[in-house]
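*Asks:* Each chain is listed here by its residues.
There are 2 protein chains.
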Amino acid sequence: MITPVLLSGGSGTRLWPLSRKSYPKQFVPLLGGETLFQAAARRLHGPGFGPSLVVTGSDFRFIVTEQLAGAGIDPGTILLEPAGRNTAPAVLAAALQLAEQDPDGLMLVAPSDHVMPDEAGFLAAVAEGAEAARAGKLVTFGIAPDRAETGYGYLELAAPHDPAAPRATDLVRFVEKPDAGRAAEMMASGRHLWNAGLFLFSVRAIREAFEAHAPALCAPVSRAVAQARPDLGFLRLDPEAWAEVEAISLDYAVMERADNLAVVPFAGGWSDLGDWQAVWRESAPDAQGVATSGRATAIDCSNTLLRSEDDGLEIVGLGLENLLAVAMPDAVLVAHKDRAQDVKSAVAALTARGARQAEAFPREHRPWGWFESLVRGERFQVKRIVVHPGAALSLQSHHHRAEHWIVVEGTARVTLDEEVQLVSENQSVYIPLGARHRLENPGKLPIALIEVQTGGYLGEDDIVRFDDAYARD
Amino acid sequence: MITPVLLSGGSGTRLWPLSRKSYPKQFVPLLGGETLFQAAARRLHGPGFGPSLVVTGSDFRFIVTEQLAGAGIDPGTILLEPAGRNTAPAVLAAALQLAEQDPDGLMLVAPSDHVMPDEAGFLAAVAEGAEAARAGKLVTFGIAPDRAETGYGYLELAAPHDPAAPRATDLVRFVEKPDAGRAAEMMASGRHLWNAGLFLFSVRAIREAFEAHAPALCAPVSRAVAQARPDLGFLRLDPEAWAEVEAISLDYAVMERADNLAVVPFAGGWSDLGDWQAVWRESAPDAQGVATSGRATAIDCSNTLLRSEDDGLEIVGLGLENLLAVAMPDAVLVAHKDRAQDVKSAVAALTARGARQAEAFPREHRPWGWFESLVRGERFQVKRIVVHPGAALSLQSHHHRAEHWIVVEGTARVTLDEEVQLVSENQSVYIPLGARHRLENPGKLPIALIEVQTGGYLGEDDIVRFDDAYARD
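For the record, the sequence lines run as chains R and E. Heads up: the first sequence begins at 1 in the UniProt record's numbering, then just goes up one per residue. Heads up: the second sequence begins at 1 in the UniProt record's numbering, then just goes up one per residue.
Note that these hints are calculated values from the structure, not bench results. No residue lacks a Cβ here, since even glycine has one placed at the ideal position from N, Cα and C. Each hint should be verified, as a subset may be incorrect.
[To be verified] With beta-carbon atoms standing in for the labels, derived distance ranges:
1) E/TYR457 - R/PRO29: 25 to 33 Å
2) E/LEU433 - R/PRO442: 21 to 29 Å
3) R/GLY312 - E/GLY269: 34 to 42 Å
4) R/ALA212 - E/ASP300: 40 to 48 Å
5) R/PRO239 - E/ASP300: 34 to 42 Å
6) R/GLY84 - E/THR150: 55 to 63 Å
7) R/TYR430 - E/TYR457: 26 to 34 Å
[Claimed, not checked] Below are the PhoX-like pairs computed for lysine-lysine, each with C-alpha atoms no more than 25 Å apart in a straight line:
8) R/LYS383 - R/LYS21
9) E/LYS383 - R/LYS383
10) R/LYS337 - E/LYS337
Build the full structure now, drawing on both the sequences and the hints.
*Replies:* This is the structure we're talking about:
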């Protein structure tokens, strides 16, 4: 049994506007109906795999559980990092957590924001690697390159690999991101593979490697795990200990220093979807190089990605060449295809201007479900709110606003001061300013309701919480 | 006194998505806060001008009155065309209508979708032309070209004009849209001006010209005017007579055949804003050729127009060259700048797909105000509705939906079966399925309300009207 360890802490901005700090790309259905995180969890679910261990940030904990539930996958263990510290501390924390049950078990470390179309091929490569991992090797998976890519690091093998019969092979060394000439040489050599950040090893082997090569991480990470606090099914790493942990990648901290490395080549296709150019490449562009998604119409375009991320939004491209255009109801990106790496500068410009779209997503996720603002006036705001079955908002009141709730799907249980009532589709409730109220979903189906707020101040921070199932302030 | 005759029937699609069939470009604030129609009406309002006569389509009648009211301009006469028939019939109908009061009066015919930044200069040109018009001439205004434009027709003068002292001059002939070489020659000659579709003549002179050069138009247009039916302050041309009228431009029908033409040169700048390239040109592009509007951010762009048409929508352009991008919450256009003339093919593609965005605007205008759909689910829809002071929706009922109304601004008078009540900010009313109801604004300020509909069918056509102030079915 191999434990999948899914790393899901990142917050890439290079896929803005679809990926934002508050809702990063692994949680978005970038290709097809599934999110990348769901695809990663499903890929490592089934025979041969035990329950997964997810390492993520506190802000994303309810998104993780919601998406695992949506994919029908048991949540396993979810470790919450108080702050992002890159991959090495996350992997060590996972290893220490797993060591409590099985110090000799195997763990497969995988990012949760990549695509691997050939899942059967990857599972075969994992089986190949498991043997070496059981023998104490630190196994990486190297992707057979299909182009002279300068954006990735490479793994150098002692001899050319055979794509038809991949075998675990000794690693000669890691190669940093190359220039174009060196990339072309490596592509031609047959001895170089992309470093995809996928690892397989035993808990014991990786612990020993950390002790040998990154001893300074061991004490604070051990403390963070030992003092981790269970919280509503999550395990929160100790923030004080974690604050002392250096942010460093697994490659730098351990892999590039270890001498018990093996590589399993994998030729089934892979992408880190690192920018919109990569998304274009993985979106099956047609003969003219045009890839569209959603309600998008391309006329006389070439080498262009055109995406609409909302059913109510049409995007039309006319006479475009080497262009990336991604439209959402609150934000649109139009970029030259060669500038895909610079989308972060677009986000920086919006941040500088104080635009909420820089970081916030139109749909805001909460432990109990999500909401989105539909329209905002001087003295009113309309929200659409969805509450998961069995979930409850906090018991709360507002100083500056009254609220009308109209239930449009499902049946809500509403507490209003001393009274509790059921409110079903097509019924409404009025929450006067200052009244204590709570919204719960006692049923088996989601509730959807429309909230109309009126008042002089409508900020999210006008909330007094008296009781909260999710232990928020 | 000159009567301004504003032609406002068109429905250009080349400025899609901002200009759509249901809400064409003259009614949109394309440059600055005023709409083009309002700017045109204001330009010809004041000393020397009488009340205006607007010729427009039936669908736009309430937009015209709303926009004139917004600009503080008396509505004058509004002639409604049962169908568009190009400019000649519209001008003749206007002349016949004006002849009833003053057969020798002057009329200034102007499109309502152009820009003329130098309004004082234009009024001086009008004063210059009035003299010739009073002497029986058909006066056109010719724009001094600032580039060798191939998209316009030209007016050829007998001698070069003096931009410093424009005078009414005899016209030698009309020149069709030229090729690039001919355009450059004409630009250099000093004897050629753009034909802007602006005319000044007496009612008598243009009637005589129609009788001489386009006699077939006279009988049906005369009947359409004689049998016009007053309707709530509008004057509806008779549809049966109008159906017999040929669609033809004033230039083809009359101007190119008449021998009593004069031209007043005008060098104060003008644009028909015929496509997004023209809008870019009139939007004061910076040294790199970048023009932005609304919440738009251009990074490393050149010769690019970037517009966001909604406060809640950010658009970012990155590394763009020769690009046009216009974003609205329901539709986005991204086009190469040289393809501005082909935006109609984008609209055609959407029409073929049945996308409502091809013709419909997110905000739908009605005699009483406007509404927009905020969100639509399986069995619910949320709308924002604004009702003008003094206006009333029809007394109506629905077979398939119930409605919740929450007033968020102003005070509404609501009729619900036999009961009439006032509903003010922060109050709500429930309209059960089948109930007869009416919404009125008895006050001096607009009402804004949020309507939440629930039911199995939510189309606009589920409406039974019992009584309507605007005589709709």
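*Asks:* Evaluate each hint against the coordinates.
*Replies:* Do the hints match the structure? See the list:
no.	hint	result
1	E/TYR457 - R/PRO29: 25 to 33 Å	holds, 30 Å
2	E/LEU433 - R/PRO442: 21 to 29 Å	holds, 26 Å
3	R/GLY312 - E/GLY269: 34 to 42 Å	holds, 39 Å
4	R/ALA212 - E/ASP300: 40 to 48 Å	holds, 47 Å
5	R/PRO239 - E/ASP300: 34 to 42 Å	holds, 41 Å
6	R/GLY84 - E/THR150: 55 to 63 Å	holds, 58 Å
7	R/TYR430 - E/TYR457: 26 to 34 Å	holds, 28 Å
8	R/LYS383 - R/LYS21	holds, 22 Å
9	E/LYS383 - R/LYS383	holds, 12 Å
10	R/LYS337 - E/LYS337	holds, 17 Å
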